[in-house]
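Novice: Using the sequences and the hints, build the whole thing.
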Amino acid sequence: MEWICKNLEKLREKRPLVQNITNFVVMNTTANALLAIGASPVMAHARDELEDMIKIADALVVNIGTLDEHWIASIEKAVEIASELGKPIILDPVGAGATRLRTKTSLKLLDMGDITILRGNFGEIKALLGEHGKTRGVDSAAYDMEEAKKLALEASKEFNTVAAVTGAVDYVSNGRDIYAVENGHKMLGRVTGTGCMVTSLTGAFVAIDEPLRAAVSALVIFGIAAEKAYEEAKYPGSFHVKLYDWLYRMDCELIKERAKVRRVEP
Amino acid sequence: MEWICKNLEKLREKRPLVQNITNFVVMNTTANALLAIGASPVMAHARDELEDMIKIADALVVNIGTLDEHWIASIEKAVEIASELGKPIILDPVGAGATRLRTKTSLKLLDMGDITILRGNFGEIKALLGEHGKTRGVDSAAYDMEEAKKLALEASKEFNTVAAVTGAVDYVSNGRDIYAVENGHKMLGRVTGTGCMVTSLTGAFVAIDEPLRAAVSALVIFGIAAEKAYEEAKYPGSFHVKLYDWLYRMDCELIKERAKVRRVEP
Amino acid sequence: MEWICKNLEKLREKRPLVQNITNFVVMNTTANALLAIGASPVMAHARDELEDMIKIADALVVNIGTLDEHWIASIEKAVEIASELGKPIILDPVGAGATRLRTKTSLKLLDMGDITILRGNFGEIKALLGEHGKTRGVDSAAYDMEEAKKLALEASKEFNTVAAVTGAVDYVSNGRDIYAVENGHKMLGRVTGTGCMVTSLTGAFVAIDEPLRAAVSALVIFGIAAEKAYEEAKYPGSFHVKLYDWLYRMDCELIKERAKVRRVEP
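Chains as they are written, first to last, in my numbering: chain W, 6 to 271; chain C, 6 to 271; chain G, 6 to 271.
No lab work stands behind these hints: they were computed from the structure. Where hints are given, some of them may not hold.
[Stated by the list, open to error] So, partial list: chain C residues that the calculated Cβ filter (under 10 Å) puts toward chain W:
1) Asn33
2) Asn37
3) Pro46
4) His75
5) His245
6) Trp251
Quantities reported herein were computed from a predicted structural model and do not represent experimental measurements. Glycine residues also receive a C-beta, built at the ideal position from the N, C-alpha and C atoms.
Specialist: Listed below in structure tokens is the structure:
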């Protein structure tokens with residue numbers, strides 16, 4: 006997958022500015038992941054400065070992990086501005102399915118029509134499709150590989166977006182093509198915000214390549230970083246630290262050696 | 006203390022979902038502590054989703070470390086909902102005594118009548134009792150072992166709760182029985198949010214055992230993790246990282262070997 | 006620079022309480038930096054408790070990194086209270102120049118007249134002076150050593166404050182004297198909030214020494230910590246951890262051996 010390597014090189018050359026409206030839990034974490042890979046993070050949520058900030062940004066990342074009415078208003082305004090300015094928008098529907106507010110907010114943002122990439126876990130995407138009448142909305146749904154693939158394809162069609170459904174195997178689809186990514190490590194589940202990190206990285210790659218390949222690049226690179234981190238550190242505190250180290254140390258040789266990505270049939 | 010070991014095993018089997026309304030400084034920290042020990046953290050503060058979230062949670066942790074009027078309203082609503090649903094509620098009165106707003110807010114929450122466990126440091130609990138007419142409210146009060154024991158007993162009676170007063174020796178009481186816990190390390194004072202972490206862990210254990218033993222379990226296990234972390238790392242940055250590692254690595258053997266907990270007379 | 010060493014020793018003896026109204030991204034980071042060096046951090050933003058908190062604090066640090074209308078109101082109130090109480094105030098104008106809201110808010114705070122120390126990067130200070138009619142406001146301005154020196158001098162005169170302009174070489178001026186600090190490491194740019202950390206540390210040192218020397222002390226000590234951290238850790242995750250370790254381990258011997266600070270001519 007030569008293009009993943011090229012994307013990384015281009016990212017480091019361009020240093021895209023990624024504007025994040027994200028949750029309080031992961032603000033530090035996602036900013037550090039973006040800096041480690043070679044991008045520039047910025048976090049702004051005040052309605053009075055969103056336009057100025059999005060104008061100079063290369064992508065907008067929206068993450069609803071600790072939403073409330075004020076942040077929802079900011080997020081909606083940010084999505085509107087980014088749409089008008091033609092900037093790519095990444096949505097992470099954290100906790101969709103767990104509360105109606107999260108499901109409803111995610112669907113409203115998707116219905117606005119300009120989400121470039123939707124990146125969620127199996128349960129979240131399933132819940133969003135369920136609320137749209139396709140499946141039952143369940144957050145705690147146990148991951149199933151075949152179903153994950155279908156969810157990616159369905160979500161991409163239903164929401165007219167690229168959908169990345171992450172789990173034991175990640176599936177990414179633009180409604181026609183589907184990629185399966187098998188990089189990653191289960192220790193990621195023991196550190197908060199690792200899903201949010203990969204969403205932010207997706208925001209950096211979408212400034213470099215088209216959405217489907219951008220989402221795949223972020224998942225592969227983050228997954229390899231996790232694998233390398235685990236080789237050096239078997240426990241979650243140390244593993245978390247090494248994750249940033251390996252985003253920084255990521256290179257074409259590692260990608261060539263480690264990438265587990267393939268196109269799959271619908 | 007066989008039951009501490011059993012509690013840890015049960016926690017890892019059940020993976021309780023702990024809903025936190027906590028301060029901005031420690032959101033990441035406490036989520037990672039819960040994940041490291043084997044629980045599931047969630048952070049939500051929007052009034053519109055509190056009921057949905059608390060319904061699926063096993064415990065509610067409330068921490069007033071960066072409160073304001075909006076968060077106070079959310080916290081009060083969350084405590085009401087958790088009371089109605091019969092979910093255990095842990096209160097960490099961060100900074101009570103330092104400002105009147107924090108003292109008043111803590112007392113109001115305690116007066117609502119359903120705080121299951123109150124976990125604070127010596128000065129905070131002393132301030133809360135002081136405002137209730139028992140002692141003078143002083144935040145900077147120097148820790149005193151005999152007084153700490155009395156504060157735990159008094160606070161538990163006064164507020165009809167289990168009170169955990171932490172310091173050089175931690176005292177935990179349900180108004181009748183008192184436990185003293187001597188695990189821990191003074192390097193914890195050089196990392197922000199370590200008190201908040203043990204409060205969150207208490208929220209995980211109260212989903213497993215009755216409040217007095219839950220609070221003691223969290224203090225012993227967190228204290229041992231700190232001791233092991235310090236054996237590997239003498240400076241605060243590295244110590245902080247190792248703390249998560251040792252929460253993850255905690256096991257019955259370590260607890261058996263290290264637990265310094267005893268019942269004491271009132 | 007014997008006085009830098011003395012300042013560190015006094016700081017550790019006094020353990021100054023630094024009240025921070027700062028951005029969500031770095032709250033944890035800056036609290037840990039203050040604890041590591043030996044100071045006491047507190048974070049409070051509720052208007053109802055600002056007076057109580059600032060009364061017991063030794064300095065107020067204001068950082069506009071994730072501002073919005075509510076936080077601006079809190080910040081303005083905090084600055085008023087600190088002015089009245091004669092407490093030193095440090096301003097970090099994060100992102101000034103990037104959005105008009107940030108530039109405007111920073112200038113309003115500076116115009117209130119009691120900012121003791123302004124600590125910003127080259128582009129931020131340039132933007133603030135630009136908006137005041139001295140230079141063009143550009144955030145992405147490329148660092149230039151000669152210009153950085155002039156910016157420090159001009160900003161200190163224009164805003165009647167001590168101005169610290171950080172970059173490859175940091176310049177600090179009180180409007181007459183200028184210090185150049187060459188400690189630091191470029192890896193700091195790969196960890197979020199390192200500028201905010203040095204601002205917070207400046208808040209601790211201004212409780213110990215007069216503003217010009219306080220700002221220089223913070224920059225030198227933080228810079229040396231970064232150099233030592235990099236000697237042990239070449240990648241950003243591990244480097245970040247070691248930064249706290251070396252703030253904690255900082256001592257007079259290291260300062261004597263490493264400090265690169267000199268007075269320069271205007």
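Novice: Each of the hints needs a verdict: does it hold here or not?
Specialist: Against the structure, the hints come out as follows:
{"no.": "1", "hint": "Asn33", "in the structure": "5 Å, holds"}
{"no.": "2", "hint": "Asn37", "in the structure": "5 Å, holds"}
{"no.": "3", "hint": "Pro46", "in the structure": "7 Å, holds"}
{"no.": "4", "hint": "His75", "in the structure": "8 Å, holds"}
{"no.": "5", "hint": "His245", "in the structure": "8 Å, holds"}
{"no.": "6", "hint": "Trp251", "in the structure": "8 Å, holds"}
In this structure, every one of the numbered hints holds.
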